[in-house]
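J.: Chains A and B are the protein sequences, given in the same order.
To convert, count from 1 in the first sequence and add 246; that's the numbering used here.
Mapping to the numbering used here: the second sequence position 107 is 92, numbers consecutive.
No lab work stands behind these hints, which were simulated from the structure alone.
No experiment lies behind these values; they were computed from the predicted model shown.
C-beta atoms are modelled at their ideal positions from N, C-alpha and C, and glycine is treated no differently.
Hints may be right or wrong, so weigh each one.
Unchecked claim - If you want the footprint, here are the derived chain B segments under chain A, 3+ residues with CB under 8 Å: (1) 24 to 35; (2) 97 to 103.
As the list claims (entries may be wrong) - Chain A residues, not near chain B, derived (Cβ > 10 Å throughout): (3) 254; (4) 288; (5) 290; (6) 291; (7) 295; (8) 300; (9) 325; (10) 328; (11) 336; (12) 347; (13) 352; (14) 354; (15) 360.
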Amino acid sequence: AQSVTQPDIHITVSEGASLELRCNYSYGATPYLFWYVQSPGQGLQLLLKYFSGDTLVQGIKGFEAEFKRSQSSFNLRKPSVHWSDAAEYFCAVGARASGGSYIPTFGRGTSLIVHP
Amino acid sequence: GAGVSQSPRYKVAKRGQDVALRCDPISGHVSLFWYQQALGQGPEFLTYFQNEAQLDKSGLPSDRFFAERPEGSVSTLKIQRTQQEDSAVYLCASSLVPFLLLGTGNSPLHFGNGTRLTVT
């Protein structure tokens, strides 16, 4: 069965500093990988996804992530964090489901705190 | 509406009561998912519909949980005889078409804001 590990429960950075959130996955086939962001009291918003091709993917809000098959990782990065980036970040791996879709399995999340 | 709508936003139930949570997906979206998110945790998959067909219900934690989508649009998640461990945020998500049929992954999941269920 697929699984996702986000080893950092909380990350604190200063505004303007760079950010890297770690994600490791376990899946027997080629993974579909995602990063979502969740603000308090809100649903999840897709930041970016990897299905195939270029292993460095660009997302919304200036985020990017790099798929490294040898390390089973899909770390999220941003060169300069803004105070509005403070939120909960979830990595997910999509497993094939019947009917041609996929079912995302989520990690437990990393809470990003941004200091002014 | 413009997004996935869930109601009620908050629900407080006494232990043993039945509850029904509603999800209105984006119009025309084929796939619909239910997730359970406990406090401080990531969302856990419950069940998945494609149109009116429930293709996967492997995540439902017990036979007290039941989901339906009779006309392929609105879905209801019902929890019978609620227990305190059922307290969580229940998230609904929909997508236009199944990803893999497109082959491009250009049909992302759109999540609602969830229903926070508290069982006392």
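J.: Find the hints from earlier in the document that the structure breaks and name them by number, from lowest to highest.
T.: 4, 5, 6, 7, 11, 12, 13 and 14
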